[in-house]
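There are 2 protein chains.
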Amino acid sequence: MPPSSVLITEEGPREGFQIEKGPIPTARKVELIDALSETGLTRIQVASFVSRKQVPGMADADDIARRIRIKPGVEYTALWFNDAGLERARASGRLTLEGKVRIYPSDAFLKRNINRTPEQHLAHTHGEIARFKELGIPVRDASVSNAFGCNFQGDIPLARVIECVGQLLDLAREHDVHFEKISLADTMAWATPHTVKRMIGAVREAFPDAQLSLHLHDTRGMGIANACAGLEMGISKFDAAVGGLGGCPFAAHKGAAGNVCTEDLAFLCQEMGIETGINLDALIACGQLAEDIVGHALPGSIKQGGNLARLREAAREGALA
Amino acid sequence: MPPSSVLITEEGPREGFQIEKGPIPTARKVELIDALSETGLTRIQVASFVSRKQVPGMADADDIARRIRIKPGVEYTALWFNDAGLERARASGRLTLEGKVRIYPSDAFLKRNINRTPEQHLAHTHGEIARFKELGIPVRDASVSNAFGCNFQGDIPLARVIECVGQLLDLAREHDVHFEKISLADTMAWATPHTVKRMIGAVREAFPDAQLSLHLHDTRGMGIANACAGLEMGISKFDAAVGGLGGCPFAAHKGAAGNVCTEDLAFLCQEMGIETGINLDALIACGQLAEDIVGHALPGSIKQGGNLARLREAAREGALA
Numbered sequence: 202m203p204p205s206s207v208l209i210t211e212e213g214p215r216e217g218f219q220i221e222k223g224p225i226p227t228a229r230k231v232e233l234i235d236a237l238s239e240t241g242l243t244r245i246q247v248a249s250f251v252s253r254k255q256v257p258g259m260a261d262a263d264d265i266a267r268r269i270r271i272k273p274g275v276e277y278t279a280l281w282f283n284d285a286g287l288e289r290a291r292a293s294g295r296l297t298l299e300g301k302v303r304i305y306p307s308d309a310f311l312k313r314n315i316n317r318t319p320e321q322h323l324a325h326t327h328g329e330i331a332r333f334k335e336l337g338i339p340v341r342d343a344s345v346s347n348a349f350g351c352n353f354q355g356d357i358p359l360a361r362v363i364e365c366v367g368q369l370l371d372l373a374r375e376h377d378v379h380f381e382k383i384s385l386a387d388t389m390a391w392a393t394p395h396t397v398k399r400m401i402g403a404v405r406e407a408f409p410d411a412q413l414s415l416h417l418h419d420t421r422g423m424g425i426a427n428a429c430a431g432l433e434m435g436i437s438k439f440d441a442a443v444g445g446l447g448g449c450p451f452a453a454h455k456g457a458a459g460n461v462c463t464e465d466l467a468f469l470c471q472e473m474g475i476e477t478g479i480n481l482d483a484l485i486a487c488g489q490l491a492e493d494i495v496g497h498a499l500p501g502s503i504k505q506g507g508n509l510a511r512l513r514e515a516a517r518e519g520a521l522a
Numbered sequence: 202m203p204p205s206s207v208l209i210t211e212e213g214p215r216e217g218f219q220i221e222k223g224p225i226p227t228a229r230k231v232e233l234i235d236a237l238s239e240t241g242l243t244r245i246q247v248a249s250f251v252s253r254k255q256v257p258g259m260a261d262a263d264d265i266a267r268r269i270r271i272k273p274g275v276e277y278t279a280l281w282f283n284d285a286g287l288e289r290a291r292a293s294g295r296l297t298l299e300g301k302v303r304i305y306p307s308d309a310f311l312k313r314n315i316n317r318t319p320e321q322h323l324a325h326t327h328g329e330i331a332r333f334k335e336l337g338i339p340v341r342d343a344s345v346s347n348a349f350g351c352n353f354q355g356d357i358p359l360a361r362v363i364e365c366v367g368q369l370l371d372l373a374r375e376h377d378v379h380f381e382k383i384s385l386a387d388t389m390a391w392a393t394p395h396t397v398k399r400m401i402g403a404v405r406e407a408f409p410d411a412q413l414s415l416h417l418h419d420t421r422g423m424g425i426a427n428a429c430a431g432l433e434m435g436i437s438k439f440d441a442a443v444g445g446l447g448g449c450p451f452a453a454h455k456g457a458a459g460n461v462c463t464e465d466l467a468f469l470c471q472e473m474g475i476e477t478g479i480n481l482d483a484l485i486a487c488g489q490l491a492e493d494i495v496g497h498a499l500p501g502s503i504k505q506g507g508n509l510a511r512l513r514e515a516a517r518e519g520a521l522a
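In order, the protein sequences belong to chains W and S.
The numbering used here applies: residue 202 is where the first sequence begins, and numbers increase by one.
The numbering used here applies: residue 202 is where the second sequence begins, and numbers increase by one.
Among the clues, some could well be false.
Listed next, the in silico BS3-like pairs over lysine-lysine satisfying Cα-Cα at most 30 Å (straight line) [what the hints assert, rightly or not]:
{"id": "1", "chain 1": "S", "residue 1": "K254", "chain 2": "S", "residue 2": "K222"}
{"id": "2", "chain 1": "W", "residue 1": "K312", "chain 2": "W", "residue 2": "K272"}
{"id": "3", "chain 1": "W", "residue 1": "K438", "chain 2": "S", "residue 2": "K398"}
{"id": "4", "chain 1": "W", "residue 1": "K312", "chain 2": "W", "residue 2": "K334"}
{"id": "5", "chain 1": "S", "residue 1": "K398", "chain 2": "W", "residue 2": "K398"}
{"id": "6", "chain 1": "W", "residue 1": "K254", "chain 2": "W", "residue 2": "K398"}
{"id": "7", "chain 1": "W", "residue 1": "K254", "chain 2": "W", "residue 2": "K301"}
{"id": "8", "chain 1": "W", "residue 1": "K398", "chain 2": "W", "residue 2": "K334"}
{"id": "9", "chain 1": "S", "residue 1": "K222", "chain 2": "W", "residue 2": "K398"}
Stretch by stretch, here's where chain S covers chain W in the computed footprint (C-beta under 8 Å, at least three residues) [said to hold, decoys possible]:
{"id": "10", "region": "328–335"}
{"id": "11", "region": "482–489"}
If you're looking for bench data, these hints aren't it; they were derived computationally from the structure.
On a predicted model such as this, the values are computed, not experimentally measured, just so you know.
For each residue, glycine too, the CB sits at the ideal point set by N, CA and C.
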């Protein structure tokens, strides 16, 4: 059964700007975030506090955090991967700090990109949660990266994903924290609608109380179909990126760009009668703004195709005229 | 239940080239059709025999029909809208002539684009079928255009679509012909997965023996999700366009381009274990060729994202190495 309402976390500014060739002026990034704040979105990931050298597109993360207009009721979050990044995020004083932990079912990805064995990573994650607690940062987000498949490892067996979710729940129990969402992340776009349904069904059967969420990429054109499969399975939390900005810079193929597009997902929800709290027309305008800012076409469709709600109105008026 | 196999009718050369600004050399159109012939596709719509003045991108339809390489086992079809067009299609002597009739549930579209009332159109269709029979052309295809919604009329009620399918079946009975497929055509991209499921369910309940098919456009990013909904409802016949070429030139908004992409649909089928008879890698190469021919990016995703089957092989080899 589809949920009655859906919470979309907007990741476009972070996912998108970090991989655009740029340079994109900070003012324009802030312009997009401020516009997104007016759409009804309540969670916006605005930046990554990562190495300025390695990710030059995010070198201005501190400035972004300083300059955005904070709208009451909206949480502005950020990513970081080490203490230095966390300190920068905290220093802004304007962001919602949330502890996020990641488990990697693909041993090959873990080895290749993070240079850890699964055991080392689990030990590291224990340390991470302890550190978050010490710093008073709520640990509320978890994710299983490459949950559906990995370019270096291949398909990920269902049993392995269930094991990973179990590890996350064990971590939560041991450290007395609560994950508000556990994202099944299709980082490299291996998911298809039937694998989404199968995985959600299997994980939920194993852990009925886990708050599952989907983080989807559209690399193979399956993003919206996968989101729809998730909705049909009752998933009510999604990450998405305005315009379809973004991608995984580590996925080792140039087609990796493209998170599932926020306004296309919001349109699907609108048409299914699912509440998102989003003003779709305002969000479509943000998709168009994002395109203007990056200076090239972005993959989202509704910003070209148009909101059916407006066409319905026009048809109604035409019939009356 | 998804079907065990799916028949995809490739409409890219016809749908696509007729709306590209062009001019595209005939040799290149033929090159794409010849490449498509080698993918395992068994039905390829190669051209429209329409007014050379009104649709200059199809002025070379006769040449195309003359120059393509006819591969045994592949049917090459064409569209036409009047006797002159039919005569040109027939004159080539190389095409499979199939009679196709169309019913329009949107009175507004029928009035605006064809200038007929529903009654006039039904009378016209009677005449069309009689004429096909007279000429010995098998009448095997029917479609309900704008079945899901129309920019001029709004949403189309289910009952109206059921009425239209009923009219088609009555026509078939009266003229003693058999429709091998009745397409529910989402000409203006109003469908979403749940409306697809609802409509197929309702039409099938009313007419359990009707051979339903889907003709989908991706204007609002729902194409593959809608195809997936169709597959889940057991639909086994789809129209699609390589690379996502094409669109409806009459749909009155610039985002109308983009039939559901053949290689993305074939990828979805591959991943669901549904037989298509298509060599996906060869089809992806055709998508890339189509892009090269039109000279701009086409919307399909798999041609950038890559066939997972190849990534699986690479991951397996990497694991063994």
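Quiz prompt | Hints that the structure is at odds with (numbers, increasing) | solution = 2, 6, 8, 9, 10, 11
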